[in-house]
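A.B. asks: This is what each chain is made of:
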Amino acid sequence: MSRTVAVVGASLAGLSAARALREQCYDGRIVVIGDEAHAPYDRPPLSKEFLARRASLDDIALGAPDDADLGLEWRLGTTAVGLDRLSHSVLLADGSEVRADGVVLATGARARRLSGSEGLGGVHVLRSLDDAVALREDLAAAGRLVVIGAGFIGAEVASTARTLGLEVTVIESQPVPLAGPLGADMGAVCAQLHADHGTRLLVGTGVAGLVGTGRVEAVELTDGTRLPADVVVVGIGAIPNIEWLADSGVALGNGVLTDARCATNVPGVVAVGDCAAAWSATRERHVRIEHWTHALEQPATAVATLLGTDRPTPTPVPYFWSDQYGARIQFAGSRREDDVVRVLEGSCADRSFLAVYERHGHPVAVLGMNQPRLFTRWRRQLRAAVLTHS
Amino acid sequence: MIPVCPTTALPPGEAIRVEATEPIAVFNVDGDFYAIDDTCTHQDASLADGWLDGCAVECPLHASCFDLRTGKVSGPPAKTPVRTHKVVVQGGTVYVQPGTAADGAA
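These protein sequence lines map, in sequence, to chains A and B. Under this note's numbering, the first residue of the first sequence carries the number 19, and numbering increases by one thereafter. Under this note's numbering, the first residue of the second sequence carries the number 69, and numbering increases by one thereafter.
Simulated from the structure, these hints should not be mistaken for laboratory data. Only a predicted model underlies this, so the values are computations on that prediction, with no experimental measurement involved. Some hints here could point you the wrong way.
Within a straight-line C-alpha distance of at most 25 Å, the following computed DMTMM-like cross-link-like pairs (lysine to aspartate or glutamate) qualify [as the list claims (entries may be wrong)]:
1) B:147 - A:41
2) B:140 - A:84
3) B:140 - A:85
4) B:140 - A:76
5) B:154 - B:98
6) B:140 - A:60
Computed list of chain B residues with no C-beta within reach of chain A, every gap over 12 Å [to be verified]:
7) 97
8) 100
9) 160
10) 166
11) 167
Cβ atoms here follow ideal geometry from the backbone N, Cα and C, with glycine treated the same way.
Produce the complete structure using the sequences and hints provided.
C.D. replies: Encoded structure:
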């Protein structure tokens, strides 16, 4: 009987794992389990082109014409509810199970919701295609949007809503948006984009609650201010989908804990993408990375681990991008709070610049706004530097 | 034909974006000129801003790779090839012929 690998999760990380299995010459059975009914699609456009109706479902499909050659067995619209660590069986919500020799955990993350918003109409999160379709329909009939959280999702939704003609207010609990990923100085520069394009940004302000019966009417702030809202989008981060593994014996923390090569504590079980927290030698802790490029590239390592193939442990340079108000923001590297940031090209005032983060005089991260060419060069230099030093 | 620039303005390893109905990116690879659609087929990014590695260009946004000679995808996430365009060098000037595939391209 031929071997079976079960891939639990049918988004970018899961699909990339299935492709990597074939690339690495695995010729057994591959079963891909996904809780959404949709074939794999790309999430980044959901807050941008897809939300603005400039991209269709076809445009954002992740499938490629030659994917049929992969010979995958799809179990879509099926939620995994448990894993038997001894038999490597994945238990499904419909009562069936998939017996496997190897398991790739790629169940991703879900949007964090605002407590007290359950059942209230007009309140959205944005993570899935269904979320995006619902938000898109609601925005079409709305005049005032309030976005809770000025992170990348919040900023992108605000930007898209402005192009649709809505009046937009963004609320951020921290004094400076994006200070976590970019640092306070550069976070402040990026936040200027909101004002440039007529979005009101309120910082250092908490949300006391949502007002409305049946449907949201306003957002109440902790200082008592009421912001009228036809639609509210909550963009306050994501939670890894790992609860289904609670009784599996797989070690969990802020994600499925793995070593640097994606192996969990259970032999034959690896984890990738947003649900996984891999050991980082440089940071000396498990790090869960939610970046798109990470979900694309990391599965090759996990699959090599699963198949026992010799492959060097990767030393990735984290990379992410965001498109807001026509500005392209790109970041690569690993930033710490005490790094020194310097603008090398362009100017923040022109919303076109390249900034480098330095530690002890060495570049460790780079941020570009509307500087794709220069950014690409710096990103490659960082990658080369990491390879040299590892 | 659209005049692009003097050959001296596009040294080896460099690229230039040409505004046409559909923008075109022209590359100089060790003295040979290639032209392809400038916009990545994956998501909106200019390939003229990409990284040139031999006869391949890597998209600056998501690192999709395209072969400059054929327009074919040589690295994901892009799935669809870009069109190639014929390049003519005449009297020290680089020209492109939009809509005419480069010789040898599929």
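A.B. asks: Hints numbered earlier in the text: which of these fail when held up against the supplied structure?
C.D. replies: none
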